[in-house]
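As they're listed, the protein sequences go chains A and B. Going by my numbering, the first sequence opens with residue 1301, and the numbers climb by one from there. Going by my numbering, the second sequence opens with residue 1301, and the numbers climb by one from there.
Incorrect hints may have been included.
[What the hints assert, rightly or not] Just some of the chain A residues that point at chain B, by a computed CB distance under 10 angstroms:
#	residue
1	1351
2	1391
3	1417
[Stated by the list, open to error] Distance condition first, Cα-Cα at most 35 angstroms in a straight line; then the derived DSBU-like pairs of lysine-lysine:
#	chain 1	residue 1	chain 2	residue 2
4	A	1436	B	1457
5	A	1326	B	1391
6	A	1408	B	1391
7	A	1436	B	1448
8	A	1391	A	1342
Please keep in mind that the hints were generated in silico from the structure rather than gathered at the bench. For clarity, every value in this text was computed on a predicted model and none was experimentally measured. Here a beta-carbon is modelled for each residue, glycine too, at the ideal position from N, C-alpha and C.
2 protein chains.
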Amino acid sequence: MDSINQNQPEDNFKNLEGEDANKKIKELAESAESCFFITNIKTGIPLSVRPMSIQKIDDEGNFWFLSANDSHKNAEISTDPFVHLLFQESKYAGFLNIYGIAEISQDKEKIKELWEPILKTWFTEGEDDPRISVVKVEPSEGYYWDNKHGAVVAFAKQAIGAILGKTLDDSIEGQLTV
Amino acid sequence: MDSINQNQPEDNFKNLEGEDANKKIKELAESAESCFFITNIKTGIPLSVRPMSIQKIDDEGNFWFLSANDSHKNAEISTDPFVHLLFQESKYAGFLNIYGIAEISQDKEKIKELWEPILKTWFTEGEDDPRISVVKVEPSEGYYWDNKHGAVVAFAKQAIGAILGKTLDDSIEGQLTV
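My request is simple: use the sequences and hints to build the entire structure.
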């Protein structure tokens, strides 16, 4: 902990486990709707990064994506399934960092469940398009940065802190163990 | 290029160089206001990630941050100055990926230039707080994902594409060479 965090009069670290961790992940990721999906972590420098829409986060905290089976992403996951997902809910809060293991399948049932009509723009043959693959990411560890009471309180506390010259912010962060 | 992008009737890749690259970087990063700042890329798995506010992007395309000199981030930059910055302007567009070299200094002039009153919440002694350090990131390469005509047009095109079963989106992406 650096000297700035040591100045916080309130506790601003809170690790979350199990159900609480799942709830926080779902809340932040569903609100973000998209993420940076990072592959090639161990096998390549530079890392390989692209934005991705999430289709679903299930109750076990797994992330589900639809992806073209001939994409670079799929090729990279086949070589190295260790991936990194970064979500951002708003400009200054609701950041989520997830490490996980990705698994690719062509599970027809799951494609049907995740399908949305707008996807026909890309998978032009619809939900039976043979290029659709399902990418599941099972989180292995995570970290979040958020505000305790939302943006308005956070801003007010920071402003009061600045006037008083006191480290006073509404931030809360911690490890997520699912 | 995967089979989905090959279906795009319009050109949706455009690499930008020099002044055009700088302009795009400034536009996306200034609108994002904060980023994921990733260190420990070569030297550690997992990567080390945290959200950071940007203080400034100068006309040469360099990013400027203020950081506590006893933070993990500063220690990691001292070991390995190769960093990765990820910016997100909105939920589905304006994504920016920057690789660069970070340099830490205690340049008093620069601190004065980057200082904002709200920072007194964290650097409680104000702009003369001895813990303030300046982190400059000079981009070495970048990539962007954006829409050509903004969110409304992008959505309309995708919806029409979905009805027609044609790959029709307003996306544009490419390499940034500064």
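When the hints from earlier in the document are held up against this structure, which numbers fail? Violated hints: none; all satisfied.
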